[in-house]
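J.: Taken in order, these protein sequences are the chains called A and B.
The numbering used here puts the first residue of the first sequence at 1, with every later residue one more than the last.
The numbering used here puts the first residue of the second sequence at 1, with every later residue one more than the last.
Derived by calculation from the structure, the hints in this document are not laboratory data.
Every residue gets a Cβ at the ideal spot worked out from N, C-alpha and C, and that includes glycine.
Each hint should be verified, as a subset may be incorrect.
[To be verified] Residues on chain B that point at chain A, a partial pick, calculated with CB under 7 Å:
no., residue
1, Val-94
2, Tyr-95
3, Leu-101
4, Pro-104
5, Trp-105
6, Val-118
7, Gly-138
8, Phe-142
9, Ala-145
[Claimed, not checked] The following label-pair restraints were derived from C-beta to C-beta distances:
no., chain 1, residue 1, chain 2, residue 2, range
10, B, Glu-128, A, Leu-241, 26 to 36 Å
11, A, Arg-238, B, Gln-125, 45 to 55 Å
12, A, Ser-155, B, Glu-128, 19 to 29 Å
13, A, Val-4, B, Met-144, 29 to 39 Å
14, A, Leu-9, B, His-208, 35 to 45 Å
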Amino acid sequence: MSRVLRPALLLLVLLGAWEAYARLGSVDDFLLPAPSEVARALADDRSLLWHNFAVTAGEVLLGIAVAVAAGLACAIALHFSRTLRVTAYPLLVASQTIPIVIIAPLLVVWLGYGLAPKLVIIALICFFPVTVTALGGLGRVDPDHRKLMRTLDASRLQAFRRVEAPAALPSLFNGAKISVAVAVIAAVLAEQAGSSDGLGHLILQSIPQFETARAYAAVAVLSAFAIVLFGALALGERLLLPWAHRPEGDVT
Amino acid sequence: MTVESEAPAEEPRTVTGAPREAAAARGVRVRDVRRVYSSRRGPVVALDGMSLEAQPQETVAVVGPSGCGKSTLLELICGLQRPDAGTVASEPAVYMPQRDLLLPWSTALDNAALPLLVRRLSRRQARERARPLFAELGLDGFEMAMPHELSGGMRQRVAFLRTLLAGKPVLALDEPFASLDALTRQQAQAWLDSALRREPRTVVLVTHDVEEAVVLADRVVVMSPRPGRAVAELRVELVRPRRRTDPAVVELRERALEALG
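Whenever a hint applies, use it, and build me the whole structure from the sequences.
T.: Structure, rendered in structure tokens:
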């Protein structure tokens, strides 16, 4: 119970401090709305927020799916080919240092204002953590398990299928969990680069209109969405990989 | 119990330039083997002048101080390593390590059937062949248990079934019971003994437990400290099952301990 209660309590304390700080009038409402105003915006603008949330949520979910598929394919290719690992891995790392804001407008020019450029941006940002964690998982297989497969005359592909791939699944889940948080940020970035709806677009519009509370409300929705996604992945991992959550090798 | 061996198609394997007669040898023949590792502190001679033979269906126990190259010997027999000098000729051998190495995401049954799955039997066929063996090792009812739900002794039995189902004529057992507590170890030795009588194989059993060697083996080979080689050999011609309290067993154990020095 305390796993829900404790973060909730902490959140309450933080919100209280924020409320007090905003009410004391030290900063302008346009810069920092009080949590109570954000809550009011959440209620008042709920249909607006909901409509835009549906757009962003779709982008995020599809983007993560693309990123996991591409990251997994990339990790498997790198895992099997030493040449590829040596040649392409450093470039892959370097590619992650390119700020998305630089290529986002280019993607909009190439792919238009629709779903495609958003998916590409989200996938570009998320695919790296997935690739790195999955590759690490594939490589960290117990060497004795490899030896076992060799004495059973297993082929390279069989060793992959029976040992390496299942052993890497928890890492893949970790990669997906990391990518959830960045996917939400990536979606906002992508929408701000060129879009006519979505929460990122809403945030971009609200601020010049002095609707800061609405922008914060949009952020609150995004955070809640990320937490729910993260929780869903954690739950899925527990259900699908129960063996990964138990102490190994209890000898009694 | 019977495990159909699909091994005859496989040729006896020989490493390095062994003469043909050696390649055709049945059982295991290790002759004058030297094996050197490179380590950070320079080369380490694990084995030097090591010879060992196991006749078909014979159980040979190898005892020796830790670090005398016992595991290296087994890996050579299984073809996981090559000797730097000398010859190793063996019928196809399967390695059973000290750790059970059960796959945590598979049931006990699928773990035992792993060698069959690797040989491309369908999952149903593989399970059908593995299932009857569970009862014979007192594992009935645990076919669908996950490894973490099993005790150390049971896990080791599943690992042994996996080793048997590899269908190879030679079993290379590397201290298979070292991680078990004393009582479980005695039970494990008892089931191994009876399993091998039902299903005879050529066995090379590496152990640091002299008593275990005398209770289970037809012959006990004593190795020197590193670089390891065989320094003594004891024949154990006692009826099975053997009791560790039997005066003949006790006497042989004392002789083996003396040879160990």
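J.: If a hint holds in the structure, say so; if it does not, say that too.
T.: Verification of the supplied hints:
Hint on B:Val-94 holds. Least Cβ distance to chain A is approximately 5 Å, under the 7 Å limit. Interface hint at B:Tyr-95: satisfied, since its Cβ lies 4 Å from the closest Cβ of chain A, which is below the 7 Å cut-off. Here the hint on B:Leu-101 is kept, as its CB sits about 5 Å from the closest CB of chain A, short of 7 Å. Annotation: interface hint on B:Pro-104 holds; nearest CB of chain A at approximately 4 Å, less than 7 Å.
Nearest Cβ of chain A to the Cβ of B:Trp-105: about 5 Å, under the 7 Å cut. The hint holds. The interface hint given for B:Val-118 is met, as the beta carbon of that residue sits about 5 Å from the closest beta carbon of chain A, less than 7 Å. A hinted interface residue such as B:Gly-138 counts as satisfied when its beta carbon comes closer than 7 Å to some beta carbon of chain A; here the least separation is about 16 Å, so the hint is violated. For B:Phe-142, the interface hint is violated, the least distance from its beta-carbon to any beta-carbon of chain A being 14 Å, above 7 Å.
For the restraint placing B:Ala-145 at the interface with chain A, the shortest Cβ-Cβ distance is roughly 12 Å, beyond the 7 Å limit, so the hint is violated. Take B:Glu-128 and A:Leu-241: their Cβ atoms lie about 27 Å apart, and the range 26 to 36 Å holds. Hint check: A:Arg-238 to B:Gln-125, Cβ distance near 32 Å, so the stated range 45 to 55 Å is violated. Evaluation of the 19 to 29 Å hint for A:Ser-155 and B:Glu-128 yields a pass: the beta carbon distance comes to about 23 Å.
Between A:Val-4 and B:Met-144 the beta carbon distance is about 34 Å. The supplied range of 29 to 39 Å therefore holds. At about 56 Å, the beta-carbon gap between A:Leu-9 and B:His-208 misses the expected band of 35 to 45 Å.
The structure shown violates the earlier hints numbered 7, 8, 9, 11 and 14.
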